[in-house]
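**Student:** Chain residues, written in single-letter form:
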Amino acid sequence: MADTKKKLKNPFRKRPKEKRLNRSVAGNGILFFLMAVCGVFMALPLVMIINNSLKPLDEIFQFPPKIFVRNPTLENFSDLFVLMNNSWVPFSRYILNTIIITGLGMVGHVICASLAAYPLAKHHFPGKGILFSMVVLSMMFSWTVTQIPQYIIISWLGINNTYAALILPAFSFGMGLYLMKQFMEQLPDSLMESARLDGASEWKIFWSIVMPNVKPAWLTLAIFQFQQMWGNTGGLFLRNEELKPLQYALQQITAGGTARAGAAAAVTFIVAAVPIIFFLICQSNVLETMTTSGMKD
Amino acid sequence: MDAQISKEAYEIAAKQKKLGYQIKRNKASYLMLAPYFILFFLFTVLPVVISIGLSFTYFNMLEAPTFVGWKNYIKLFLEDDIFLISLKNTLIFAVITGPVSYILCLLFAWIINEFKGKVRAFLTLIFYAPSICGNAYMVWNLILTGDRYGYLNGILLKFGFIDEAILWMKTEKYVLPVLIVVQLWLSLGTGFLSFIAGLQTVDKSLYEAAALDGIKNRWQELWYVTLPSMKPQLMFGAVMQITQSFAVADISIQLAGNPSVNYAGATVVTHLLDYGSTRFEMGYASAIATVLFLLMIGTNKLVQRILRRVGE
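Just so you know, the protein sequences line up as chains A and B, in that order.
With my numbering, the residue at position 223 of the first sequence is 258, and numbering never jumps.
With my numbering, the residue at position 24 of the second sequence is 7, and numbering never jumps.
In case anyone wonders, no lab produced these hints; they're calculated from the structure.
Small disclaimer: the values here were computed from a predicted structure and weren't measured.
Keep in mind that a hint or two might mislead.
Stated by the list, open to error - Examples of chain A residues lying across from chain B (beta carbon under 10 angstroms, computed):
| no. | residue |
| --- | --- |
| 1 | A152 |
| 2 | M174 |
| 3 | F218 |
| 4 | E220 |
| 5 | P251 |
Yeah, the Cβ is synthetic: ideal placement off N, Cα and C, and Gly gets one too.
Generate coordinates for the entire structure from the input sequences, incorporating the hints supplied.
**Tutor:** Shown next, in the form of structure tokens:
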């Protein structure tokens, strides 16, 4: 099937095919085989989550457990919606909370981290080295023990039990700045120099030259940060029910134990599906930039 | 005349050296740094400094901390046998999973980059799946179930490799190797995605130039062209790998339990969690965190030195 397709394609469509240098057919074949074998293992959690969410109750409790569903049903999802309607705070409120926390936490972090990464990568000023190594080192300290001092600081600032308690610390996670700085470092200096000669301010250079050229970096950072914020349940910092994010509400539903096993499977599906959709949107743009970026010298 | 000019030049140079002048001249830089670093100092640097301070105290989170000097550290290395076991486990774990995961990330990112269009996007998703599906490693509970219905036991029994089902996570000698395998399976995370993004920024014309210079196959191309042009990403990946390999705890707790059988799955961070969130001995937990911190800094220095040699 694949063979005939290939034969048909070549004579009729004379698209100038991008030929990659130094590639052998045998090598391509081996790599494809390797990816297929490993891919099966890696896809396991995805396959399980999707199948579980479609299983009727008797199949969920079947022992020994089977991976694939035999009689797929959407019952789990309708159960989940019924449970959602019974919640104490209207369910849409949880969704709104999550949109605010995840959205602001992600956008704010990408902007703050990129803005700080640009001078660290491309400017020369006193204190640069120390600031940067502090960021890298901070990632190596176990967050379990810093949580308590962090809680004290957040209470002291008076932002406990507000969205800001989750969002503001998220702006300054270490990884984002490090990632952005590493990518910006690669940009040739001549790019910024010529803009400077044209009289562009540093802010203008950052926004219209640096950022478009490191698009793969901030799209990737957005994926990381989205995952991080999406998984946040509010924990210590949010006490009011009407401030808690979706993740918390969903966990409450799954905490119902055996009686809610079906709804829990649907919850697991939704919890995984949203970041996956976001991932696909960002990732397809990361790959797109490859063909459009030609700014390097 | 010459002397006067050089005197003026000297004065200008002296003026430029002054900190106040430097700050004024780099105003834009500092303004750009401000939002991030103000928050960073408040929510990260300050808590880390406080934690290191607490490591010299006895602090049970109810009473005010009392200063005890080096006592926590002395206890850690001289009296706490379980800490030494967990340190040993962590080192074995990090020495194996660190480099192997790192190479896997790089290798798979590079192979995926060989594909085009939709196939590539799909492969990226599949290989990143374990990292995006929350606690995806729970799948391994099914595989490693200790009775004969566990998938691994089932397969091994069927083909006659073993005579009776093995309690994988309850047998001391299997715990650490199994955790290492699961961690490797989980390893295509942050580093992997940043490598994928890094590969997009490699200048395409370098490949053409390299082909003219006599590079013959994709392996040479990888070593002489691709890797040297993505050194910053390699550094980033290495740091992320270090923080992940040394801080492993979740998979150990979820698969082997905390405490695990005869502490076979104990790591520095599970030990820390034991003291910090179960026993509320925050001072002692902070001392553990500080030791781990120093260990990671040392490893990082070493790894960065090795990475500077890539492509030489």
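**Student:** Take the hints in turn and mark each one as holding or not.
**Tutor:** Now the hints, each set against the structure:
1. A152: 8 angstroms, holds
2. M174: With Cβ-Cβ at 5 angstroms, under 10 angstroms, it holds.
3. F218: 7 angstroms, holds
4. E220: Constraint on E220(A) satisfied, holds at 5 angstroms.
5. P251: Check passed: Cβ of P251(A) comes within 4 angstroms of chain B, closer than 10 angstroms.
Violation of the numbered hints given earlier is absent; every hint is satisfied by the structure.
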